[in-house]
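Kindly produce the complete structure, drawing on both the sequences and the hints.
There are 2 protein chains.
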Amino acid sequence: RRRPVREVLFFPSLPSCTEKLLAEAAELGAAARPCPCPLPQGDSSLSRLLRCLLSARRSLEICLFAFSSPQLGLAVQLLHRRGVRVRVVTDAQYMSVNGSQIGLLRHAGIQVRHNQDGGFMHHKFAIVDRRLLITGSLNWTTQAIQNNRENVLVVEDAEYVKPFLDEFEKIWEEYNPINFLFFFPK
Amino acid sequence: RRRPVREVLFFPSLPSCTEKLLAEAAELGAAARPCPCPLPQGDSSLSRLLRCLLSARRSLEICLFAFSSPQLGLAVQLLHRRGVRVRVVTDAQYMSVNGSQIGLLRHAGIQVRHNQDGGFMHHKFAIVDRRLLITGSLNWTTQAIQNNRENVLVVEDAEYVKPFLDEFEKIWEEYNPINFLFFFPK
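Chains as they are written, first to last, in the UniProt record's numbering: chain A, 1 to 186; chain B, 1 to 186.
Honestly, the hints are just simulated from the structure, not real lab data.
Possibly wrong hints are sitting among the right ones.
Which copy is meant is left open, because identical chains are indistinguishable; a pair holds if it fits in one copy or across any two.
Said to hold, decoys possible - Only pairs whose alpha carbons sit at most 20 Å apart, straight line, appear in this in silico EDC-like list of lysine to aspartate or glutamate:
(1) Lys170 <-> Asp117
(2) Lys20 <-> Glu173
(3) Lys170 <-> Asp129
(4) Lys162 <-> Glu7
(5) Lys20 <-> Asp43
(6) Lys20 <-> Glu156
Values in this document were obtained by computation on a predicted structure and should not be read as measured data.
Have a look at this one:
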């Protein structure tokens, strides 16, 4: 029996090229040609995070305060095209900032919901195939990946995954747009 | 043998009075008089987080982007007075905002270090007695505790605690003020 995944990733990530990883995932296992860019091809916190995400085969729940990383955006779109059921929850105030991936994800047909109340939707977690929890301090932004001190835990353990799945479903229903109240100034 | 602590806390926290908890911790186990305030006395995510912290007997490492919660500040000061070795790492840009606890902690004689570089020190974790990891999306601010969607994991498992301890020691040394460079405009 395979040992459960247990990983701790720290950021800032070392620079690394993620083209090969994304290209191989797009063609599901085919070996991609090496990218001619000058970035190192080795492993990094970003590439390990990408690998966890790209392991999704059935479902991906994402609950993120800020999402602007192009590489992580591409990975999520790729999973959606592969038929993985992707659902995204995000924060209303941050989803439309410059460089946000949220518009691109919606344009690609991915379901996105957001808060409409006062507090921030400040979670930063994802759940792969209802099995693998990815959570920590990291927003999925290039600033955070390349410049900040951040951590991400990867936990394959129902005792931690289950409450996060329940929290996701609760928020998903609460942010259902049919429940929205629209206030118009008089 | 005691089962390792494994907890998931979600926020916003239900309102609850934390006076009794803090008073009992100050007198190490003595039963405090009930507080006359109208807040519920029951358990909440905040009170459970406080309880984890107050369980410290020897050491507490804190690595926090933003720290302004008066209750959590009191708890940390109380541990320091009890003789627990408290060390705090925080973000330079946020430590002096209105309501920050950092000045009070320093005034109380607690060692605090901060970054001096460009990226944010965005971690939000604490380690109790080198044994218990507390980590998640939550900054220790009243806004986050009372208004935001947040999560905190409590993990008593050396496989997760060890890399966070190593990360703390690395940052602690890197932020040692004797290594600071001071630039003066010409």
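These are the hints, each one checked on the structure:
no. : hint              : verdict
1   : Lys170 <-> Asp117 : within (15 Å within a copy, 39 Å between copies)
2   : Lys20 <-> Glu173  : neither (37 Å within a copy, 36 Å between copies)
3   : Lys170 <-> Asp129 : within (18 Å within a copy, 34 Å between copies)
4   : Lys162 <-> Glu7   : both (18 Å within a copy, 12 Å between copies)
5   : Lys20 <-> Asp43   : within (12 Å within a copy, 49 Å between copies)
6   : Lys20 <-> Glu156  : neither (26 Å within a copy, 37 Å between copies)
Going through the hint list in order, the structure does not satisfy hints 2, 6.
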